[in-house]
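Student: Please work from the sequences and hints to get the whole structure.
The residues making up each chain are set out below.
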Amino acid sequence: MEIIDCHSHVASPRYIPDEFFDGWVDNVEANAGMQGEQQRAALTRMFRDINNDPLCDEYVAQMDAAGINRAVLLIIDFKYVYGEPFDDMVDIYAQHREILKRHPGRFICYAGVDPRRGAAGVELLEIGLKDFGFSGLKLYPPCGFSPSDRSLDPYYEICAQYQAPVLSHIGPTTPSLSFNFARPEGIDEAARRFPKVNFILGHAGSTHFRDAAILAEYRPNVFLDMSGFQAAARRGQFSELMRFHKDHGIINKILFGTDWPIHRLLGDQKKWVIEFKKLVTDGILSEKEMSNILGGTFKSLSRNSLKDLCHAE
Amino acid sequence: MQSKNSVIIEIVKDQLDDSTKTINLDTRFDVINLDSLKFMLLLINLQDEKYNFSVDLNRIGSVETVKDLTDIVSYAS
Numbered sequence: 001m002e003i004i005d006c007h008s009h010v011a012s013p014r015y016i017p018d019e020f021f022d023g024w025v026d027n028v029e030a031n032a033g034m035q036g037e038q039q040r041a042a043l044t045r046m047f048r049d050i051n052n053d054p055l056c057d058e059y060v061a062q063m064d065a066a067g068i069n070r071a072v073l074l075i076i077d078f079k080y081v082y083g084e085p086f087d088d089m090v091d092i093y094a095q096h097r098e099i100l101k102r103h104p105g106r107f108i109c110y111a112g113v114d115p116r117r118g119a120a121g122v123e124l125l126e127i128g129l130k131d132f133g134f135s136g137l138k139l140y141p142p143c144g145f146s147p148s149d150r151s152l153d154p155y156y157e158i159c160a161q162y163q164a165p166v167l168s169h170i171g172p173t174t175p176s177l178s179f180n181f182a183r184p185e186g187i188d189e190a191a192r193r194f195p196k197v198n199f200i201l202g203h204a205g206s207t208h209f210r211d212a213a214i215l216a217e218y219r220p221n222v223f224l225d226m227s228g229f230q231a232a233a234r235r236g237q238f239s240e241l242m243r244f245h246k247d248h249g250i251i252n253k254i255l256f257g258t259d260w261p262i263h264r265l266l267g268d269q270k271k272w273v274i275e276f277k278k279l280v281t282d283g284i285l286s287e288k289e290m291s292n293i294l295g296g297t298f299k300s301l302s303r304n305s306l307k308d309l310c311h312a313e
Numbered sequence: 001m002q003s004k005n006s007v008i009i010e011i012v013k014d015q016l017d018d019s020t021k022t023i024n025l026d027t028r029f030d031v032i033n034l035d036s037l038k039f040m041l042l043l044i045n046l047q048d049e050k051y052n053f054s055v056d057l058n059r060i061g062s063v064e065t066v067k068d069l070t071d072i073v074s075y076a077s
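Sequence lines, in order, name chains A and B.
The opening residue of the first sequence carries number 1 in the numbering used here; numbering runs sequentially from there.
The opening residue of the second sequence carries number 1 in the numbering used here; numbering runs sequentially from there.
Please keep in mind that the hints were generated in silico from the structure rather than gathered at the bench.
Any given hint could be a false lead.
With a straight-line cut-off of 30 Å between C-alpha atoms, the simulated DSSO-like cross-links for lysine-lysine are [what the hints assert, rightly or not]:
(1) A/Lys288 to A/Lys277
(2) A/Lys288 to A/Lys299
(3) A/Lys278 to B/Lys13
(4) A/Lys270 to B/Lys13
(5) A/Lys277 to A/Lys246
(6) A/Lys101 to A/Lys130
(7) A/Lys270 to B/Lys67
(8) A/Lys299 to A/Lys270
(9) A/Lys278 to B/Lys67
(10) B/Lys21 to B/Lys4
(11) A/Lys246 to A/Lys288
(12) B/Lys38 to B/Lys67
(13) A/Lys277 to A/Lys299
(14) A/Lys246 to A/Lys299
(15) A/Lys79 to A/Lys101
(16) A/Lys270 to A/Lys288
(17) A/Lys196 to A/Lys288
(18) B/Lys50 to A/Lys278
(19) B/Lys4 to A/Lys277
(20) A/Lys277 to B/Lys67
(21) B/Lys4 to A/Lys270
(22) A/Lys246 to A/Lys270
(23) B/Lys4 to A/Lys130
(24) B/Lys38 to B/Lys50
(25) B/Lys67 to A/Lys196
(26) B/Lys67 to B/Lys21
Part of the chain A face toward chain B, derived, beta carbon under 7 Å [claimed, not checked]:
(27) Glu37
(28) Ala41
(29) Leu43
(30) Ala231
(31) Arg234
(32) Gly236
Predicted, not measured: the structure shown is a model, and the values here were computed from it.
Glycine included, every Cβ here is placed at the ideal spot set by N, Cα and C.
Tutor: As structure tokens, then:
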């Protein structure tokens, strides 16, 4: 059984800014009623520690221990919203390409672009897919745009041309960004207008999952990734969540993802794979369903790009 | 002076809603159902200066029981 983690990031403040985790610290502090500066400092330090694997060496070691064959590295274009130089994105693409070379056959990379970059952004995406060997597009609507905005049409046309899936973030994120455009229904118009593009709703298997399940059931080109399930697993509610997807007949639209390195404080990659496989031993899912979730479905929706990658090995 | 293990057991107990629950080294975390917020608070509290502990976060996935937790906690040098 091939295991593909469809949702991860390179752990580095270069790609996941410190401000992102600082927002998480704010939330933990508020939700837990933390009052000590020392506690805040300890949590900040832990988040800095887990966001420090810029060449993915520790990540590959954990993938090996977990039996994960490959993982999708998602680039997020935070530069536009934080007002940083555009050139930096090209450098970030180049560094991700170096990681692909450093760990041959282990990673698939999705280009990240903020559509407000206009023509330059469209060109950046095409460079990513054509020249850097990337296989899909990552969108982060909390940066302030709708995934169904017409300005994204040229991007989706390129994705259709390259048979490149689009993975769009769903659900809340760090509190400095907007949650307005991060609901499942936001993707509906784009999915309708571009039926040949496969849309993966990031985290939507575990957040806003009821609304997302309706989209997955009625839009053939909409899939849900499970990353973020770790919170449900910690609450002992993961089985219930997966039963929901099975009962709604969308289990073959569900993809395994972990969002590495975000949830490293809650467990390692091996632990998350075990959580999934346990669903088979507990009689909730069949071997075939699990095989699809862990990699089969992702491979089928990636079509040419992933087939080429498999062939190259 | 309390032993490392008994201090850790006390820190785990502090995260429980039910203070009457018995916690020992064999207690499994999936049984006491610490949610992600409480689990993070547990890690934070383990690093309180007064204990002088260090937590090996790379081994956090191996933690199933309180004993496993004690194995990844050491005295900071």
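Student: Which earlier hints can't be squared with this structure?
Tutor: 18, 19, 23, 25, 27, 28
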